[in-house]
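> For the protein sequence lines, the chains are A and B, in the order given.
Reading the first sequence from the start, the letters are residues 1 to 255 in my numbering.
Reading the second sequence from the start, the letters are residues 1 to 255 in my numbering.
Keep in mind the hints are simulated off the structure, nothing from the lab.
Treat the hints with care, since some could be wrong.
Claimed, not checked - From the derived model, a few chain B residues whose C-beta atoms are all more than 12 Å from chain A:
(1) H8
(2) F32
(3) T64
(4) T139
As the list claims (entries may be wrong) - Simulated coverage check for chain B against chain A, where a stretch passes if three residues somewhere in it have a Cβ under 8 Å from a Cβ of chain A:
(5) 214 to 223
(6) 243 to 249
The beta-carbon is built from N, C-alpha and C at its ideal position, and this holds for glycine as well.
There are 2 protein chains.
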Amino acid sequence: MFDKKNVHKYSERYGLKEETAFLAQEEKVTLFLNNAEIISLLCSPANIDELALGFLTAEGFICTNNDYFEVDIREKGNTVFVYADQIKDVEKIKLRATLTSGCGQGTTFSEQEGADILSGASPNFSIQKVLSDIKLFQTESLIEGRTGGVHSAGLAIDGELVIRKDVGRHNAVDKIWGYCLLNNKKPYSAALYLTGRISSEIIYKALKMQIPFIISMSGATSRAMELAQDFGITLLGYVRGRNAVIYSHSERIKS
Amino acid sequence: MFDKKNVHKYSERYGLKEETAFLAQEEKVTLFLNNAEIISLLCSPANIDELALGFLTAEGFICTNNDYFEVDIREKGNTVFVYADQIKDVEKIKLRATLTSGCGQGTTFSEQEGADILSGASPNFSIQKVLSDIKLFQTESLIEGRTGGVHSAGLAIDGELVIRKDVGRHNAVDKIWGYCLLNNKKPYSAALYLTGRISSEIIYKALKMQIPFIISMSGATSRAMELAQDFGITLLGYVRGRNAVIYSHSERIKS
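Model the full structure from these sequences, guided by the hints.
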């Protein structure tokens, strides 16, 4: 996930000095769906099978609404070939691009407005559990601090905390989704942990995955907060140390 | 740029407590070029004329290579209509989408590989100037810390530091580009300051603007470092306090 490089470091005391640094890897990965080229993503080259499946599902190319769907993934260098039995009209989806704020200009091909209100169970979550999970998540995400170029997403599910990393904030979440699909995990009472800030498209993504809790070390935009309120998602931000901000549906959080 | 909202705050000492918080605004803005709808961006609703012009130029829809180009921008709510005399084939560009890592999945419609090597003058920059500029930039970008949802981009040009903010990392840079185009500024010896980390597409963007210096408070990916080396861009990261990491072309930095 990172390369060793020689850089110069400047400090007031020593001036310019050559040193070794660890930089986050960033590679171009091209996705094919049933032999049609869909897109090239710039991403961290790890778990790219999960990234491919998660991305194609998040963006509406693959339909996984039925309990039964077949998928076959083959990697060849930086190209991932996904074969799925339930796909949608690729050209139609590609033309319906909406750039999103992401940390920049993300594309989301999916019709976000068509998303359902979170209809699953309404589990409770204790603030102590959130604070202990975030501590573990923060420790495991330390690479971010080391390279300054990697975001983490974590899923607290079935007593585990599954963590995926990527230079792309969305990619990390798509990897989590791909993990769920490949391992037949249903995140309907799970919590999604994030290092990065929460903008609207992360809310839509969690909604499609039917995840009721989003917990971030950073803050949320006002649009993200409004959507979380409307869609029945409990949204927490600035969760660090022994503190947290609860933006929506605090009734699910027990202190 | 931000909304006041009622949230709950949790602290170990006081438990859950209702408080007012400032959240970054995020809105959908739709761009039209010569009456054709191009895209919808999620962004901070400020300087959207600059965002529209900067985005359309960065993505290759508008050609500004000639010294003379005419542009007319009209805003109507969250829709921006741009009229330009030098435009490229819109449908062709739209079909050539590459998602980029951004902080997520950015789209860049432009053919990055066609970019030139930085051919302008090779100005020098003193590390003291960088450190004093970053201090000013950091102070002006304080809103980021306040809301956790806003990135800043700054341009040190003609003795000034022009700062633009956005929930999107790329949007902030596109606003800077739009500012240059609308004010006939040539950033050929300017420095671009950023709060966010540097991935490859920021290097391509600076290259197209012919900016020789990129200076960030965060780190760079290894791909960004390699591109900066190849294209003749001086790239600095982790510039905070009295320290800096110089990733490429340190010969232009005088201590």
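> The structure should be examined with respect to each hint, and the outcome stated for every one.
Hint check:
1. Consistency note on H8 (chain B): stated as away from chain A, yet its beta-carbon is not over 12 Å from all of that chain's, at 4 Å minimum.
2. Distance to chain A confirms F32 (chain B) as a non-interface residue, since its nearest Cβ pair spans about 14 Å, more than 12 Å.
3. The non-interface label for T64 (chain B) is consistent with chain A: the shortest C-beta to C-beta separation is roughly 19 Å, beyond 12 Å.
4. For T139 (chain B), the requirement that its beta carbon stay farther than 12 Å from each beta carbon of chain A is met, with the minimum near 19 Å.
5. Look at the stretch 214 to 223 of chain B against chain A: 6 of its residues bring a Cβ nearer than 8 Å to a Cβ of that chain, three or more, so the hint holds.
6. For the stretch 243 to 249 of chain B, the assignment as covered by chain A holds, since 5 residues bring a beta-carbon within under 8 Å of that chain's beta-carbons and 3 suffice.
Checked against the numbered hints given earlier, the structure breaks only hint 1 and satisfies all the rest.
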